[in-house]
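Student: If you want the building blocks of each chain, they are given just below.
Number of protein chains: 2
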Amino acid sequence: MSSLTATHAPKGLEGIIATTSSICYIDGEQGVLAYRGIDIHDLADHSTFEETCYLLWNARLPSRDEVRDLGRQLGQERKMDKAVLDMLRLAPKNALPMDVLRIAVSALRFFDADEKNNDHAANVRKAIRLTSQIAMTVAYFDRLRKNKPLVDPDPSLSHSANFLLMLNGERPSPTAERALDIALILHADHELNASTFAARVTAATLSDMHAAITSGIGALKGPLHGGANEAVFRILESIHQAGADPVGYVRGLLAQKKKIPGFGHRVYHTEDPRATHLRQMSRDLGHSKGEPDWFEMSHSIEQFMKSEKKLNANVDFYSASTYHTLGIDVDLFTPIFAVSRISGWAAHVIEQLDDNRLIRPRAEYVGPAYPVKYVPIERR
Amino acid sequence: MSSLTATHAPKGLEGIIATTSSICYIDGEQGVLAYRGIDIHDLADHSTFEETCYLLWNARLPSRDEVRDLGRQLGQERKMDKAVLDMLRLAPKNALPMDVLRIAVSALRFFDADEKNNDHAANVRKAIRLTSQIAMTVAYFDRLRKNKPLVDPDPSLSHSANFLLMLNGERPSPTAERALDIALILHADHELNASTFAARVTAATLSDMHAAITSGIGALKGPLHGGANEAVFRILESIHQAGADPVGYVRGLLAQKKKIPGFGHRVYHTEDPRATHLRQMSRDLGHSKGEPDWFEMSHSIEQFMKSEKKLNANVDFYSASTYHTLGIDVDLFTPIFAVSRISGWAAHVIEQLDDNRLIRPRAEYVGPAYPVKYVPIERR
Numbered sequence: 001m002s003s004l005t006a007t008h009a010p011k012g013l014e015g016i017i018a019t020t021s022s023i024c025y026i027d028g029e030q031g032v033l034a035y036r037g038i039d040i041h042d043l044a045d046h047s048t049f050e051e052t053c054y055l056l057w058n059a060r061l062p063s064r065d066e067v068r069d070l071g072r073q074l075g076q077e078r079k080m081d082k083a084v085l086d087m088l089r090l091a092p093k094n095a096l097p098m099d100v101l102r103i104a105v106s107a108l109r110f111f112d113a114d115e116k117n118n119d120h121a122a123n124v125r126k127a128i129r130l131t132s133q134i135a136m137t138v139a140y141f142d143r144l145r146k147n148k149p150l151v152d153p154d155p156s157l158s159h160s161a162n163f164l165l166m167l168n169g170e171r172p173s174p175t176a177e178r179a180l181d182i183a184l185i186l187h188a189d190h191e192l193n194a195s196t197f198a199a200r201v202t203a204a205t206l207s208d209m210h211a212a213i214t215s216g217i218g219a220l221k222g223p224l225h226g227g228a229n230e231a232v233f234r235i236l237e238s239i240h241q242a243g244a245d246p247v248g249y250v251r252g253l254l255a256q257k258k259k260i261p262g263f264g265h266r267v268y269h270t271e272d273p274r275a276t277h278l279r280q281m282s283r284d285l286g287h288s289k290g291e292p293d294w295f296e297m298s299h300s301i302e303q304f305m306k307s308e309k310k311l312n313a314n315v316d317f318y319s320a321s322t323y324h325t326l327g328i329d330v331d332l333f334t335p336i337f338a339v340s341r342i343s344g345w346a347a348h349v350i351e352q353l354d355d356n357r358l359i360r361p362r363a364e365y366v367g368p369a370y371p372v373k374y375v376p377i378e379r380r
Numbered sequence: 001m002s003s004l005t006a007t008h009a010p011k012g013l014e015g016i017i018a019t020t021s022s023i024c025y026i027d028g029e030q031g032v033l034a035y036r037g038i039d040i041h042d043l044a045d046h047s048t049f050e051e052t053c054y055l056l057w058n059a060r061l062p063s064r065d066e067v068r069d070l071g072r073q074l075g076q077e078r079k080m081d082k083a084v085l086d087m088l089r090l091a092p093k094n095a096l097p098m099d100v101l102r103i104a105v106s107a108l109r110f111f112d113a114d115e116k117n118n119d120h121a122a123n124v125r126k127a128i129r130l131t132s133q134i135a136m137t138v139a140y141f142d143r144l145r146k147n148k149p150l151v152d153p154d155p156s157l158s159h160s161a162n163f164l165l166m167l168n169g170e171r172p173s174p175t176a177e178r179a180l181d182i183a184l185i186l187h188a189d190h191e192l193n194a195s196t197f198a199a200r201v202t203a204a205t206l207s208d209m210h211a212a213i214t215s216g217i218g219a220l221k222g223p224l225h226g227g228a229n230e231a232v233f234r235i236l237e238s239i240h241q242a243g244a245d246p247v248g249y250v251r252g253l254l255a256q257k258k259k260i261p262g263f264g265h266r267v268y269h270t271e272d273p274r275a276t277h278l279r280q281m282s283r284d285l286g287h288s289k290g291e292p293d294w295f296e297m298s299h300s301i302e303q304f305m306k307s308e309k310k311l312n313a314n315v316d317f318y319s320a321s322t323y324h325t326l327g328i329d330v331d332l333f334t335p336i337f338a339v340s341r342i343s344g345w346a347a348h349v350i351e352q353l354d355d356n357r358l359i360r361p362r363a364e365y366v367g368p369a370y371p372v373k374y375v376p377i378e379r380r
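Chains A and B supply the protein sequences, listed in that same order.
Residue 344 in my numbering sits at position 344 of the first sequence, with consecutive numbering throughout.
Residue 298 in my numbering sits at position 298 of the second sequence, with consecutive numbering throughout.
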C-alpha cells in the first residue's frame, strides 16, 4: 500500500462499521435484536412474516389494508416461468437445493417484469416477487427430486402455509404454519451478516437485485453462515443413530479439536435472542408431536457447551431440531433460511441503492517485493 | 452499536485494508500494477494468458513444461455437460450474456469432478475448469442467440485463439489472438476490486468456488465496475451515429451532470497502467484494420477529460474501442472481462481459504431508536 491514509482493519473486518443502516438494531452485549427498532420478541409473539416483510421494506408497520395488499401481491406472484422450471428439471436430483436456488434466482431475472428497472419502487416489486419465487423454488425442487407431482400454489394462503402446502402436498396444521412463520420472522434479517454483505457489495456496483440476491444465496450456503443449521442436525442425527450420550459425543468432538456448530456468534456475547424463541419452539413442537428426544438431546448439549466452553447457542442450534420436528429434510434447512432472509437481503439492497457508493476496500500487499524481474521462459 | 471497539470506516470501505494478499501489488500514486510482484508491462509485453494464470494460481512463473501442461489441461477442460448447455438454450435470446454466465457458473458446480472438495488442490483444478468453461459459455451463448451453429473447441489452440474460434467460427489472425491475449492479461486481476471482494466474502463462509465466482460475476456486471466498458462504447456509438464532435458531445453530457464512464479510478491517482497498453492496442488495431476513427474519437475525449476534468482514462476506456475493432459485440465486453478475471477471482478465493476468517463487518444503526413500541394491528 502506498496510500498514507489506509487503515488496517482486523481480519474478517471484525468490528469495522462498513455502513450506516436503519434496518436492523443489534446490541450484542444485551442480546437485543430489533427490526426498524421493534424488538424481535414482539415480532415473534405478535407479527406475521408478511407484516415483517412490510416492516423491513417500508420502515414501518402496515395498516390492516396494507398487509392484506401485500399478502395478495405475494399470492399473485406465486408463478414461475416455464423456462425456469425447466432449468430446475435439468438439475440432477442429488443437487444441493442451495445450488439449485442460485440458478433459479439468477434465471428469474430474465422473466422479471422489471428486468430493466433498478429504481427503488421496482426493487420493492422485485423483493415481493423473489420472496414468492424463492419459496416456490425450494418446494418445487424438493418434489422434483423425490419424483412427486408438483403442487399448485394457493394464492389465498399465507406465505408460510402456501410454502408447506407446496412442499408437502397438504395444508399444514395451524401449529406448523405458525411455527414456520415464527422461524421466518426470526431469520428475516441480521444486519451485515456475510450473505447480506455479499448482496450489498454486489448491488453497490449498480448491478441488479437478482445478481445481489444470488450472491447472498451463495454466501449463505457456507457452514460458517447459514449452512451451520444443517451441520447441527448432522451431529444430532449421528448421536441418535449411535444411541450415544449427547454430552459424551460432543466432548469427543471437542477432544478432536472439532468446532461444534450452532454455538457462539461474532456479534452476540450473551444469548442470541432468536435462540430463546427457537428453544421454546423446539420444546413445544417436540412435546406436541410426542418426539421430545431431539429437543432433550439439544438441551443437554447446550447446557454442556455453556458450562464447559462458555458458549451460547445461536440461531442455528435450535432451528435444527425445530425444522426436523416439522418434518423438513435436513438439506432444506439452509434453503428455508433463504426463504426468510430474502426479505432482509432485499431491504439491504434497496437501502444500499438509495445512497450508493461502490464497496471497494484495499488489500495490504505481502507478496514478493516489487519489482520482481520477469525471467524469459528459456531461462527458467 | 454498543461495542466500544467498533471503528467507523469511510463509505464504501474506501482506504480500508480488508485483508493481506500476495497476489496483486498496486501503487496508485506511481501508476504501478504487478501480479505476484511482476510488473504488468512486462507481462503484457512478454507473457501469455496461460502463463499469467499459472503465475496467479501458483505464485511463480512456470517452466516451459509447466505452462505446456496447463495449456493441455485448459484444452482438456473445454467441454460442457449437456444439461448446462440445455440451460443456456432455455435462456431467452435477448438475455444479457452476463446474466447467462451467472446461471452457467452456478450450474457447472453440479457436474464438477471436485463437487464435494473445497481444498487448495481441488480449487486449483476448479480454477482451470472454470477458466475454460466461462470462455466457452460466452461463445456458445453468443452463437445460440444468433441462431448460428455451435463451434467445437480445439484443444490444440491457446485459450485466446480457441475463444475467438468458438465465437467467430474461424481461426483468428495472429494479431487478433495476441490482442485478445494481452487484453486478458491486463484484466486478470486487480486486488480487492468489488467483484473479487464479493467472491472473497462468499468464499469466506466456506461456501464453494462456484458460488464465489457467481458472486463475482454478479458484481462485475454493474456499470460502476466491469459494466463500464459497455457504457463507454454506447457513448462512442452515439457520437459515431450522430456524426457529432466527440468533445462537444462529452461536454454536453457533463453539462447535464452525467458521469463519463471510463474515467477516474478509486485507486489510481495517475494513469492506470492498463490504459497505457489498451490505448496502444486501440491505435494499432484501428490502423491495421483501416478503422482509425474509434481510436481517434476516444483519444480526443481522453485529452479533453484530462485537461478539463483532471481525470485519467482507466482500464475500461480503451478496451471499448479495442474490443469493437476486434469485431466483438458490445454486450460481450463485460463477459470478456469475466473470461479474464476468472483467473484472479479464483486466485483470491484460494488465498482466502488458505487462511480463512468469516468476513462480517458491522453496520451503524441509524433507524428509529430502540425500542419502538409494537402497536397491535387493530390500533394502527
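A few of these clues could be false.
Said to hold, decoys possible - Listed below are the simulated DSS-like cross-link pairs for lysine-lysine, each with C-alpha atoms no more than 27 Å apart in a straight line: (1) B:Lys-93 to A:Lys-116; (2) A:Lys-258 to B:Lys-79; (3) A:Lys-79 to A:Lys-148; (4) B:Lys-257 to A:Lys-116; (5) B:Lys-82 to A:Lys-148; (6) A:Lys-82 to B:Lys-146.
No lab work stands behind these hints, which were simulated from the structure alone.
Predicted model, so just to flag it, every value in this text is computed and none were measured.
Student: Does each hint fit the structure? Answer for all of them.
Tutor: Tested hints:
no., hint, verdict
1, B:Lys-93 to A:Lys-116, "16 Å, holds"
2, A:Lys-258 to B:Lys-79, "39 Å, violated"
3, A:Lys-79 to A:Lys-148, "19 Å, holds"
4, B:Lys-257 to A:Lys-116, "22 Å, holds"
5, B:Lys-82 to A:Lys-148, "24 Å, holds"
6, A:Lys-82 to B:Lys-146, "22 Å, holds"
Hint compliance for this structure: hint 2 is the single one not met.
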